[in-house]
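Novice: Order-wise, the sequence lines are chains A and B. Under our numbering, the first residue of the first sequence carries the number 32, and numbering increases by one thereafter. Under our numbering, the first residue of the second sequence carries the number 3, and numbering increases by one thereafter.
Treat each hint with caution, since some may be false.
Have a look at the derived ranges for each label pair, beta carbon to beta carbon [to be verified]: (1) B:L134 / A:R153: 55 to 61 Å; (2) A:E160 / B:P91: 32 to 38 Å; (3) B:K259 / A:G101: 45 to 51 Å.
Within a straight-line C-alpha distance of at most 27 Å, the following computed DSSO-like cross-link-like pairs (lysine-lysine) qualify [what the hints assert, rightly or not]: (4) A:K157 / B:K110; (5) B:K110 / B:K187; (6) B:K110 / A:K72.
Chain B is faced by these chain A residues, among others (derived, beta-carbon under 10 Å) [stated by the list, open to error]: (7) I61; (8) G64; (9) S105; (10) L109; (11) S124; (12) W143; (13) R227; (14) E270.
No lab work stands behind these hints, which were simulated from the structure alone. Because the structure is a prediction, the values reported are computed rather than measured. For each residue, glycine too, the CB sits at the ideal point set by N, CA and C.
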Amino acid sequence: MTSAYPAIELKDLSFSYDDTIALSIEHVSIELGERVFILGKSGSGKTTLSSIIKGRRTPQHGTVNILGEGSAWSNRSLQKRIAMVDQEFNLISRMSLIETVLSGALGRTSSWNTLFGFFPNREWAKAEEILDEVGLTGLGNRRIDTLSGGQKQRAAIARALMQEADVLLADEPISNLDPELAEDALDLLVECVQRRNIALLVNLHQPRLAKRFATRVLGLVDGKIQFDGNPDSLSASEEEFIYSNPAEPTPSTTKGIHGESATTMA
Amino acid sequence: MANLQQQWLSRKLVHWTVYGVFVILFGISLYSSEFNLENLNGAGDRFIEFFTRLVPPDWSVTELVFNATVETLSISFAGTFLAVLISLPLGFVAASNISPRWIAHPLKLTLGLIRSVPIIIVAVLFVAAMGLGPFPGVLAIAVHSVGMLAKFYAEEFETADKRIIDAVKGTGASWIQTVHFGVFKQCIPQVLAFTIYRLEMNFRDATVLGIVGAGGIGTYIMVYTQSFQYERVAVLLIMISVVIFALDQASFWLRRKVQ
């Protein structure tokens, strides 16, 4: 899909929880094909930003324009064009892997069909293709709760890819994984995104990984963008500034793999 | 230290007061229900007489009783099935995380009201309106079960993980798809387990429905006990026990299987 509009355009965006300003962004424009990694401490506004782009939160001020069609919170049909991989994966543990991947196609499949579990043949073929792509070949009939943490992460990525979205958001996608698995997961994510030429936005804690995988880095400090540029131009001192500035205390994010905790902000 | 001990003591005082209240309530209830151990004098002999009159069971009514048991099973299955069909949609409407509060809350209250009517009264009502037979029994079971199942389903749906619901919604799913995949699929084991449990309860309820003319084995319980044909009552008791035991086992096995 080629578009004259940027994949994501943010203007005069501000969002506050009660009296605390969590996010304040003047202007950011992200094109299809860009891989933007957002760095920042917990509480710097990374998650708030991705949930606003996803349309789960409505900012008090400002606009988000997805492919020139408005914001996802006001235009529900944009939902399916923005895929999201959450920190906790948020998969349904009783569903089989293949059903989980197929559920990424809900937005373009009729409710009557899915009510009885039917998806069109081409969706089945596509889901199987994606399983191969993310390295889960042969596990389609396994239940999600029998998969390992790394496999669940791949399942979440597969579901997001199945959506055929133009924008893929990943909120701390690797914080539940071991370091080696984490790099593999990012590798996979970036490869899949490159094949599709879509916009990727990743919230991350590790500057080292951002430098390796990003085409562009945004540094968030207390809800404001303090760095925007090429990952190679991110200097050690700037990196330190992003991470050393005091931010609000982190809300607890303890959880099991599909845990019960409530991570409300940050 | 003294402070800790005082706090402990005041906690204990609360506990003892609560126990005291229960003891007093127990005493009142014994008194008002005319509890009198002297009435047990000679009751033992009559118990023994009753049990000796049960034997030998009169097996000539086996076929009749068997058919009545099948009818009772059918009443409970049909009633439960109807109740599930009605309760599932009602459960979604009564769940406050799916429906707006102003509709969920009154609906829950209404369900409570339905639940509060004893099933035997519901059955009397349907028999009065429709005449004798198993069909009013089915309806009585269905109505009574809806009060309980729909409320339980709603409460179960309310426990669904909101982040998973958001994830499903995020794929661009419609409202029905979000409820189906995000809420219902998470809750299937509990929903099934409770439905099976309710089916078990419904069979027990269905055995007595015949007493008010709503079909099934209860009809014969009434006829045989009132005409003192205890040898036939024995066959009824054996049949009911066997079926309830089998249902109990099947339900236990099924509930463990569906996880």
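Novice: Does the structure keep K110 (chain B) and K72 (chain A) at a Cα separation of 27 Å or less?
Specialist: Measuring from Cα to Cα gives roughly 44 Å; hence the hint is violated.
Novice: Straight-line Cα separation of K110 (chain B) and K187 (chain B) no greater than 27 Å?
Specialist: 22 Å, holds
Novice: Could you see if the CB distance from K259 (chain B) to G101 (chain A) stays within 45 to 51 Å?
Specialist: 48 Å, holds
Novice: Measuring from beta carbon to beta carbon, are E160 (chain A) and P91 (chain B) in 32 to 38 Å?
Specialist: For P91 (chain B) against E160 (chain A), whose Cβ atoms are near 37 Å apart, the range 32 to 38 Å holds.
Novice: Would you check whether E270 (chain A) satisfies its interface hint, that is, whether its CB is within less than 10 Å of any CB in chain B?
Specialist: Since chain B brings no Cβ nearer than about 31 Å to E270 (chain A), farther than 10 Å, the hint is violated.
Novice: Classify the hint on S124 (chain A) as holds or violated, based on whether any CB of chain B lies nearer than 10 Å to its CB.
Specialist: 8 Å, holds
Novice: Identify whether the interface hint at I61 (chain A) stands, where standing means a beta carbon of chain B within less than 10 Å of its own.
Specialist: Not OK, violated: I61 (chain A) not within 10 Å of chain B, min 19 Å.
Novice: With a cut-off of 10 Å on the beta carbons, see whether L109 (chain A) makes it to chain B.
Specialist: It holds, given that the least Cβ distance between L109 (chain A) and chain B is near 8 Å, below 10 Å.
Novice: For the restraint on R227 (chain A), tell me whether the closest CB of chain B is nearer than 10 Å.
Specialist: Constraint on R227 (chain A) not satisfied, violated at 16 Å.
Novice: Falls inside 55 to 61 Å, the C-beta gap from L134 (chain B) to R153 (chain A)?
Specialist: Since the Cβ atoms of L134 (chain B) and R153 (chain A) sit about 57 Å apart, the hinted range of 55 to 61 Å holds.
Novice: Hint check: K157 (chain A) vs K110 (chain B), CA-CA at most 27 Å. Holds or violated?
Specialist: 43 Å, violated
Novice: Under 10 Å, Cβ to Cβ, is where S105 (chain A) needs to be relative to chain B, so tell me if that hint holds or is violated.
Specialist: Because about 15 Å separates S105 (chain A) from the closest Cβ in chain B, which is outside the 10 Å limit, the hint is violated.
In summary, the numbered hints that this structure violates are 4, 6, 7, 8, 9, 13 and 14.
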